[in-house]
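**Q** Each chain, letter by letter, is given below.
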Amino acid sequence: MALRTIGAQPPPGGDRLGTALGDGVTLIIVTGGAADPRSAGQVTETVVEVVEGLQAASADAATEERGADIVLAVLTPNPAAPDGRAWRDALDEAVIGITQSLAREYVPDILRINTVLGAEADLEGVSDSVDFLSHEAGAFTVGAALEIRP
Amino acid sequence: MSDRRAIVTGALGGIGAAVVDNVSADHGVITHDLRAHHGCDPSVRSDLAQPAGRRALVRTLGDGPLDLLVAAHGMAVPAPLPDLRADRVRQIMRVNFEAVTELVEAFRPQLSAAGGCAVVIASQAGLTGEANFAAYCASKFALVGWARTTAEPLASEGIRLRLMCPGAVDTSMFRGAIARWATDMGGKPEEVLRQRVTQIPRGRLATPAEIAAGIRYLARLATPELVVLNQSGGETFTR
Numbered sequence: 001m002a003l004r005t006i007g008a009q010p011p012p013g014g015d016r017l018g019t020a021l022g023d024g025v026t027l028i029i030v031t032g033g034a035a036d037p038r039s040a041g042q043v044t045e046t047v048v049e050v051v052e053g054l055q056a057a058s059a060d061a062a063t064e065e066r067g068a069d070i071v072l073a074v075l076t077p078n079p080a081a082p083d084g085r086a087w088r089d090a091l092d093e094a095v096i097g098i099t100q101s102l103a104r105e106y107v108p109d110i111l112r113i114n115t116v117l118g119a120e121a122d123l124e125g126v127s128d129s130v131d132f133l134s135h136e137a138g139a140f141t142v143g144a145a146l147e148i149r150p
Numbered sequence: 151m152s153d154r155r156a157i158v159t160g161a162l163g164g165i166g167a168a169v170v171d172n173v174s175a176d177h178g179v180i181t182h183d184l185r186a187h188h189g190c191d192p193s194v195r196s197d198l199a200q201p202a203g204r205r206a207l208v209r210t211l212g213d214g215p216l217d218l219l220v221a222a223h224g225m226a227v228p229a230p231l232p233d234l235r236a237d238r239v240r241q242i243m244r245v246n247f248e249a250v251t252e253l254v255e256a257f258r259p260q261l262s263a264a265g266g267c268a269v270v271i272a273s274q275a276g277l278t279g280e281a282n283f284a285a286y287c288a289s290k291f292a293l294v295g296w297a298r299t300t301a302e303p304l305a306s307e308g309i310r311l312r313l314m315c316p317g318a319v320d321t322s323m324f325r326g327a328i329a330r331w332a333t334d335m336g337g338k339p340e341e342v343l344r345q346r347v348t349q350i351p352r353g354r355l356a357t358p359a360e361i362a363a364g365i366r367y368l369a370r371l372a373t374p375e376l377v378v379l380n381q382s383g384g385e386t387f388t389r
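Here the protein sequences line up with chains X and G, keeping their order. Take the first sequence: its position 105, counting from 1, is numbered 105 in our numbering, and each next residue is one higher. Counting from 1 along the second sequence, just add 150 to a position and that's the residue number in our numbering.
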């Protein structure tokens with residue numbers, strides 16, 4: 001498994017995400033404070049890291065035969081910040097905006113990105129989504145695992 | 151001059167200038183821009199990407215009520231994924247997203263005192279992605295997500311939040327982005343523009359005056375809920 005983590009180490013049990021991953025797929029996990037911003041500035045910093053992560057993963061993983069295959073999982077910590085809903089919604093939308101833009105920029109032969117918006121407390125649901133997205137969904141699909149939010 | 155007060159950021163840009171023209175008849179308008187050009191000086195000239203620049207604008211208004219805040223500033227720089235530099239992503243997010251959310255927050259007491267309205271210029275690119283504009287899309291999608299959650303607490307304070315999501319508008323910012331993209335691709339700007347316009351069912355770019363009229367409409371709506379107006383010439387519906 002090729003794994004990149006933004007924000008923190010994968011949560012306990014996070015290794016199960018790797019076992020769900022398809023062969024040759026890079027998993028980028030956004031966790032901890034990076035997935036639970038408390039200000040507009042923190043949303044920006046996570047967006048910057050996501051872009052850098054996608055750049056690095058696409059460069060590392062791309063081959064002439066199959067291009068690059070990436071699953072991006074944004075895992076909201078539990079408990080999330082009670083007053084941070086607006087910033088988490090902003091971050092979720094920003095991630096979708098990036099992947100929608102890239103979906104129109106690249107053909108799936110070159111770059112495939114699938115996205116999971118989920119919660120650390122629901123690793124089973126996230127794992128199911130990673131499994132589906134990396135094996136069956138094709139490219140540029142956004143899957144929302146069960147959300148646990150106040 | 152009217153005792154109703156409005157602030158327009160990006161006031162020397164295409165949409166901002168049209169908004170100033172549109173609302174000046176019944177508002178005393180404080181104009182803000184980073185630039186001064188065409189012989190025009192904004193009331194406040196500062197860089198909204200910087201905290202000091204935002205504070206300069208907030209200081210100008212003081213404590214009095216604010217009837218209308220129109221956040222019309224913004225920047226767009228096209229780049230494919232491999233060429234997106236972190237400092238450029240950060241700059242686009244600070245200008246297009248952070249500055250808007252922080253201005254609305256900073257003017258919250260004054261808007262509440264007036265039962266005022268905050269109109270945020272998002273974009274069609276905040277509703278559906280556009281190739282080679284990943285950072286711009288991130289900033290505009292982020293505005294949409296923030297607005298969806300923020301509108302209700304603002305409404306409880308008597309503040310109406312609106313999102314304007316224009317499609318392609320004939321502004322210097324849009325034409326600059328087209329020219330830059332054409333240069334990067336080794337093409338001609340007029341050809342890139344022609345191809346871009348073919349994607350719009352209406353068959354032409356929107357004018358800044360049309361968008362300003364939409365903003366005025368949004369500002370006059372009394373409903374407290376979030377209202378989103380997507381003036382795209384039909385483009386968003388065909389994606």
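It is worth saying that the hints were derived from the structure and are not from the lab. Just so it is clear, the structure is predicted and the values come from calculations on it, not from any experiment. Errors might be hidden in some of the hints.
[What the hints assert, rightly or not] In silico SDA-like links for lysine to any residue, alpha-carbon gap of 25 Å or less:
| hint | chain 1 | residue 1 | chain 2 | residue 2 |
| --- | --- | --- | --- | --- |
| 1 | G | Lys338 | X | Asp131 |
| 2 | G | Lys338 | G | Val208 |
| 3 | G | Lys338 | G | Ala363 |
| 4 | G | Lys338 | X | Tyr106 |
| 5 | G | Lys338 | G | Pro351 |
| 6 | G | Lys338 | G | Ile350 |
| 7 | G | Lys338 | G | Ser322 |
| 8 | G | Lys338 | G | Gly326 |
| 9 | G | Lys338 | G | Met323 |
| 10 | G | Lys338 | X | Arg104 |
| 11 | G | Lys338 | G | Leu231 |
| 12 | G | Lys338 | X | Glu105 |
[To be verified] Residues from chain G shown here face chain X by an in silico Cβ test under 10 Å; the list is partial:
| hint | residue |
| --- | --- |
| 13 | Ser152 |
| 14 | Asp153 |
| 15 | Ala236 |
| 16 | Val239 |
| 17 | Phe257 |
| 18 | Asn282 |
| 19 | Ala288 |
| 20 | Leu293 |
| 21 | Thr299 |
| 22 | Arg352 |
| 23 | Gly353 |
| 24 | Tyr367 |
Even glycine gets a Cβ: it sits at the ideal position worked out from N, Cα and C.
**Q** The structure should be examined with respect to each hint, and the outcome stated for every one.
**A** Consistency of the hints with the structure:
1. For the hint linking Lys338 (chain G) to Asp131 (chain X), the alpha-carbon distance of about 45 Å lies beyond 25 Å, and the restraint is violated.
2. Restraint check for Lys338 (chain G) and Val208 (chain G): the C-alpha separation of about 42 Å exceeds 25 Å, so the hint is violated.
3. Proximity of Lys338 (chain G) to Ala363 (chain G) is assessed by CA-CA distance (about 32 Å); at most 25 Å being required, the pair is judged violated.
4. Of the supplied pair hints, the one linking Lys338 (chain G) and Tyr106 (chain X) holds, its CA atoms being roughly 22 Å apart against a limit of 25 Å.
5. About 23 Å separates the Cα atoms of Lys338 (chain G) and Pro351 (chain G), which keeps this hinted pair within 25 Å; it holds.
6. For the proposed pair Lys338 (chain G) and Ile350 (chain G), the alpha carbon gap of about 20 Å is at most 25 Å, so the pair holds.
7. In summary, the hint linking Lys338 (chain G) to Ser322 (chain G) is supported, as the alpha carbons are separated by about 17 Å, within the 25 Å threshold.
8. The suggested pairing of Lys338 (chain G) with Gly326 (chain G) holds, with an alpha-carbon distance near 13 Å, which does not exceed 25 Å.
9. For the hint pairing Lys338 (chain G) with Met323 (chain G), the CA-to-CA distance comes to about 17 Å; that is within 25 Å, so the pair holds.
10. Distance restraint check for Lys338 (chain G) and Arg104 (chain X): the Cα-Cα separation of roughly 21 Å lies within the 25 Å cut-off, and the hinted pair is therefore satisfied.
11. Our distance criterion of 25 Å between C-alpha atoms is met by Lys338 (chain G) and Leu231 (chain G), whose separation comes to about 22 Å.
12. Distance hint between Lys338 (chain G) and Glu105 (chain X) is fulfilled; the C-alpha atoms sit about 20 Å from each other, no more than 25 Å.
13. With a least beta-carbon distance of about 32 Å to chain X, the hint placing Ser152 (chain G) at the interface is violated under the 10 Å criterion.
14. Interface restraint check for Asp153 (chain G): the shortest CB-CB distance to chain X comes to about 32 Å, outside 10 Å, so the restraint is violated.
15. Satisfaction of the interface hint for Ala236 (chain G) is found here, the shortest Cβ-Cβ separation to chain X being roughly 5 Å, below the 10 Å cut-off.
16. For Val239 (chain G), the shortest C-beta to C-beta distance to chain X is roughly 5 Å, which falls under 10 Å, so the interface hint holds.
17. With its C-beta approaching chain X no nearer than about 15 Å, Phe257 (chain G) sits outside the 10 Å limit, and its interface hint is violated.
18. Because the closest C-beta pair between Asn282 (chain G) and chain X is about 6 Å apart, less than 10 Å, the hint holds.
19. Satisfaction of the interface hint for Ala288 (chain G) is found here, the shortest Cβ-Cβ separation to chain X being roughly 4 Å, below the 10 Å cut-off.
20. This hint holds: Leu293 (chain G) has a C-beta 7 Å from the nearest C-beta of chain X, less than the 10 Å allowed.
21. With its C-beta approaching chain X no nearer than about 4 Å, Thr299 (chain G) sits inside the 10 Å limit, and its interface hint holds.
22. About 20 Å separates the beta-carbon of Arg352 (chain G) from the nearest beta-carbon of chain X, more than 10 Å, and the hint is not met.
23. Interface hint status for Gly353 (chain G): violated, as the beta-carbon distance to the closest one in chain X is roughly 21 Å, over 10 Å.
24. Hint on Tyr367 (chain G) is violated. Least Cβ distance to chain X is approximately 25 Å, over the 10 Å limit.
Hints 1, 2, 3, 13, 14, 17, 22, 23, 24, counting from the list given before, are not met by this structure.
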